[in-house]
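Turn these sequences into a full structure, and let the hints guide you.
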Amino acid sequence: MKTIQLEIEDKSLDAVLTLIHSLKKGMIKKYEIKEDGSFCETKAYFQNAYNEIKEGKAKLVPFNDGLGGLDDYIDSIK
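Going by our numbering, the first residue of the sequence shown is number 70, and it counts up by one from there.
No wet-lab data here; the hints were simulated from the structure. Don't take every hint at face value.
Stated by the list, open to error - List of simulated lysine-lysine pairs, PhoX-like, C-alpha gap at most 20 Å: (1) LYS93 with LYS71; (2) LYS112 with LYS99; (3) LYS71 with LYS99; (4) LYS94 with LYS80.
Stated by the list, open to error - Restraint-style ranges between C-beta atoms, simulated for each label pair: (5) ILE143 with LEU88: 45 to 51 Å; (6) ASN133 with LYS112: 44 to 50 Å; (7) LYS99 with LYS126: 45 to 51 Å; (8) GLY137 with MET70: 39 to 45 Å; (9) LEU92 with ILE143: 52 to 58 Å; (10) LYS123 with GLN74: 35 to 41 Å; (11) GLY137 with ILE102: 22 to 28 Å; (12) LYS71 with PRO131: 54 to 60 Å; (13) ILE143 with GLN74: 36 to 42 Å.
For each residue, glycine too, the CB sits at the ideal point set by N, CA and C.
See the structure below:
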C-alpha cells in the first residue's frame with residue numbers, strides 16, 4: 070500500500086473530493102483533510118478568546134482606550 074499527500078487550494082477542494090468519491094470502490098482505503106497548521110492555531114486562538122468574552126473572563130476596554138494602548142506598545146518596540 071502507498072500513501073499520497075496532496076496540497077490542495079481551498080477553491081479546488083470540492084473538485085478533488087468529487088474525483089476521490091468517483092473512483093472505483095476499494096481503490097482509496099481512507100483519506101483525511103488536514104487544515105493548514107497556522108489556520109488551526111489561529112482558529113483555536115480566536116475560539117478561546119471568544120469563549121473568554123462569552124464567559125466574562127476577558128477584560129474589555131473601550132475602542133479608543135485600546136488604540137492608545139496599542140500606540141504605546143508600538144512606540145515601546147521601535
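Hint-by-hint comparison with the structure:
1. LYS93 with LYS71: It holds: about 17 Å lies between the C-alpha atoms, which stays within 20 Å.
2. LYS112 with LYS99: Given that 20 Å is the threshold and the Cα spacing comes to 26 Å, the pair is violated.
3. LYS71 with LYS99: Holds: LYS71 and LYS99 sit about 11 Å apart, inside 20 Å.
4. LYS94 with LYS80: violated (26 Å)
5. ILE143 with LEU88: 45 to 51 Å: About 48 Å separates the Cβ atoms of ILE143 and LEU88, which means 45 to 51 Å holds.
6. ASN133 with LYS112: 44 to 50 Å: For LYS112 against ASN133, whose Cβ atoms are near 29 Å apart, the range 44 to 50 Å is violated.
7. LYS99 with LYS126: 45 to 51 Å: Since LYS99 and LYS126 have Cβ atoms about 40 Å apart, the given range 45 to 51 Å is violated.
8. GLY137 with MET70: 39 to 45 Å: violated (60 Å)
9. LEU92 with ILE143: 52 to 58 Å: holds (53 Å)
10. LYS123 with GLN74: 35 to 41 Å: Given about 37 Å between the Cβ atoms, the range holds.
11. GLY137 with ILE102: 22 to 28 Å: violated (43 Å)
12. LYS71 with PRO131: 54 to 60 Å: holds (58 Å)
13. ILE143 with GLN74: 36 to 42 Å: Taking Cβ atoms as reference, ILE143 and GLN74 lie about 40 Å apart, which means the hint holds.
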